[in-house]
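Peer 1: The lines below spell out each chain.
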Amino acid sequence: MQTATPQRQTQARAAQKTASLRVALVLLAIAAVFFGGVILAQYSGAPRVGIGVLGFAILGFLLAAIGRNLRK
Amino acid sequence: MSSIPHDQVPGHAVDHGRAHDDHAHHPGGIMRWVTTTNHKDIGTLYLWFSFIMFIAGGCLALTIRTELFHPGLQIVDPEFFNSLTTLHGLIMIFGAIMPAAVGFANWQVPLMIGAPDMAFGRLNNWSFWLLPFAAALLFGSFFVPGGAAAGGWTLYAPLSVQAGMGMDMTIFAVHIMGASSIMGSINIITTILNLRAPGMTMMRMPLFVWTWLITAYLLIAVMPVLAGAVTMLLTDRHFGTSFFNAAGGGDPVMFQHIFWFFGHPEVYIMILPSFGIVSTILPAFSRKPLFGYASMVYATSSIAILSFIVWAHHMFTVGMPAAGQLFFMYATMLIAVPTGVKVFNWVATMWKGSMTFETPMLFAIGFIFLFTMGGFTGLVLAITPVDIQLQDTYYVVAHFHYVLVAGSLFAFFGGVYYWLPKWSGRMYNEKLGEWHFWLTMIFFNVTFFPMHFLGLAGMPRRVPDYATQFTDWNMVATVGAYGFGLSQLLFFYIVLSCIRNGPPAPAKPWEGADTLEWTLPSPLPYHTFETPPVIK
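Chain order of the listed sequences is A and B.
Numbering-wise (this note's numbering), the first sequence opens with residue 1 and increments by one.
Numbering-wise (this note's numbering), the second sequence opens with residue 73 and increments by one.
Please note that a few of the clues may not be correct.
[As the list claims (entries may be wrong)] On the chain B side, residues computed to face chain A include the following (Cβ under 10 Å):
id : residue
1  : Asn-259
2  : Thr-263
3  : Ala-293
4  : Phe-311
5  : Phe-315
6  : Phe-380
[To be verified] Ranges between beta-carbon positions, derived for each pair:
id : chain 1 : residue 1 : chain 2 : residue 2 : range
7  : A       : Arg-22    : B       : Ile-102   : 33 to 41 Å
8  : B       : Ile-102   : A       : Arg-13    : 37 to 45 Å
9  : A       : Val-33    : B       : Phe-205   : 22 to 30 Å
10 : A       : Ala-14    : B       : Trp-510   : 51 to 59 Å
11 : B       : Phe-311   : A       : Val-49    : 42 to 50 Å
12 : A       : Val-53    : B       : Val-419   : 55 to 63 Å
Since the hints were made in silico from the structure, they are not lab data.
Note that the Cβ used here is the ideal one computed from N, Cα and C, for glycine as well.
Could you build the full structure based on these sequences and the hints that come with them?
Peer 2: Laid out in structure tokens, this is it:
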């Protein structure tokens with residue numbers, strides 16, 4: 001087992017914090033897009049098409065998110 | 073593999089929590105709970121909150137059942153009855169089941185992946201403390217002019233566009249609870265992706281963690297959609313828009329499409345964590361690894377994905393082209409395939425296992441039996457012509473209570489009995505636990521099984537009065553409901569007596585349990601896995 005120096009531990013902790021913040025912001029952005037998307041879709045003239053596009057975006061998001069993580 | 077044999081976790085990690093217990097600096101009294109960022113404290117808060125909401129929602133249900141004991145109007149007027157059914161649904165879904173699942177996630181996800189805590193402690197605290205305010209808005213709406221929302225938990229337009237101030241309070245409560253869910257989901261996903269112990273690869277995570285990861289993705293995808301829908305409802309009500317107002321050129325049916333685009337995945341949001349709990353309990357008491365771990369992960373993902381393309385099966389009677397009806401019917405039936413894989417794997421896990429039947433195992437087996445029945449009635453309802461006959465009858469009420477009460481709730485009871493020794497450091501009374509199971513099992517079926525007959529005979533849901541030919545089964549259901557409700561007081565007593573004066577629990581009270589949390593002492597130290605364990 002490697003013994004990490006306090007400095008290395010601090011660096012690792014900071015890197016982990018940054019990575020966590022990045023993931024959280026991406027997820028928050030996705031939530032914001034879905035929230036705005038479902039309202040804006042109503043203005044597109046053909047709301048059912050808009051909702052359909054949003055639905056496929058969500059499906060794609062799920063497939064990509066789970067697929068990407070499965071490789072790890 | 074989902075399980076981590078003990079010899080693969082180094083001793084220093086095993087003892088680490090105990091060594092650092094003296095570092096458990098936190099304020100005492102009420103401030104501990106208000107300001108806590110510790111995942112265990114927040115998990116406890118979520119679980120107690122959900123239990124209080126469960127009792128409150130249960131009281132509303134008992135009032136409904138009391139009114140329905142006899143035909144005619146007895147104790148409440150029809151408007152208030154509609155408010156009761158609406159608030160019962162909203163409180164049980166958003167106040168009881170979802171927070172309970174998040175409570176389990178808060179307690180177990182960091183422990184099962186070897187993380188010291190959730191990724192964002194303060195966000196976690198904030199996610200919880202939003203909920204009491206949302207609950208206050210919901211209950212407070214009973215006391216405003218016009219009363220609480222009475223259009224059903226689905227808040228369908230145009231009724232919800234026309235309702236009184238109680239509807240605004242409900243909309244704000246949904247917004248707050250949605251924000252809480254989204255923040256909680258971000259926290260859970262980030263924790264699972266970034267804070268796993270070295271060696272804890274995705275395909276070695278316990279299935280409970282997998283089911284919560286997928287649930288959290290579902291929440292991120294659909295809660296904003298619900299928030300968008302109720303925001304449009306709010307602007308229709310107060311700012312002159314006409315999204316769902318037919319008089320202004322809007323489309324009320326569009327609300328139903330958007331709502332169920334959220335609503336059907338929501339069903340899986342409520343049931344997937346339960347799948348994870350059952351998949352943890354069954355191997356422990358069968359003393360065998362979970363059968364088909366990888367197929368369980370893929371089946372859970374498939375269920376999540378399919379849940380997005382079936383929403384309109386809730387709306388067959390609204391009217392849609394035959395091709396649409398066929399698509400949604402077959403897509404709904406398709407969900408039976410991954411669900412069947414899961415049920416098969418659970419049964420195969422028990423097959424030739426050295427099974428014992430402690431309370432958690434009883435609830436897990438009860439879950440499989442009753443959830444499968446609920447699943448089958450779901451298949452019946454998926455068939456378009458049958459659904460058109462049964463829409464809005466008590467058959468539907470029976471179906472979703474078999475899925476959500478016998479599904480989610482039974483798994484949560486099992487989970488509490490399974491992990492309570494680890495959480496509290498004390499053993500519960502096994503004999504009373506078994507009594508709780510059997511009373512719950514019997515009274516659940518006495519309450520909800522007759523509703524299948526009532527629905528098939530044509531009794532509509534959400535009505536305070538009914539034709540006299542439905543009297544007998546309604547009386548049986550009401551007696552069952554009171555028995556079921558009283559049985560849960562026994563659960564409260566069991567948990568309370570366990571926490572206060574149960575005998576000390578060993579570090580691993582269940583012989584077959586093999587996930588990471590069982591390598592830690594009981595009760596758990598305030599801080600755990602500050603140095604991550606290495607999973608070989």
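Peer 1: Determine for every hint whether it applies to the structure shown.
Peer 2: Hints and how they fare:
{"no.": "1", "hint": "Asn-259", "in the structure": "8 Å, holds"}
{"no.": "2", "hint": "Thr-263", "in the structure": "8 Å, holds"}
{"no.": "3", "hint": "Ala-293", "in the structure": "5 Å, holds"}
{"no.": "4", "hint": "Phe-311", "in the structure": "13 Å, violated"}
{"no.": "5", "hint": "Phe-315", "in the structure": "5 Å, holds"}
{"no.": "6", "hint": "Phe-380", "in the structure": "5 Å, holds"}
{"no.": "7", "hint": "A:Arg-22 - B:Ile-102: 33 to 41 Å", "in the structure": "35 Å, holds"}
{"no.": "8", "hint": "B:Ile-102 - A:Arg-13: 37 to 45 Å", "in the structure": "31 Å, violated"}
{"no.": "9", "hint": "A:Val-33 - B:Phe-205: 22 to 30 Å", "in the structure": "27 Å, holds"}
{"no.": "10", "hint": "A:Ala-14 - B:Trp-510: 51 to 59 Å", "in the structure": "54 Å, holds"}
{"no.": "11", "hint": "B:Phe-311 - A:Val-49: 42 to 50 Å", "in the structure": "25 Å, violated"}
{"no.": "12", "hint": "A:Val-53 - B:Val-419: 55 to 63 Å", "in the structure": "41 Å, violated"}
Figure legend: structure checked against the earlier numbered hints; hints not met, in rising order: 4, 8, 11, 12.
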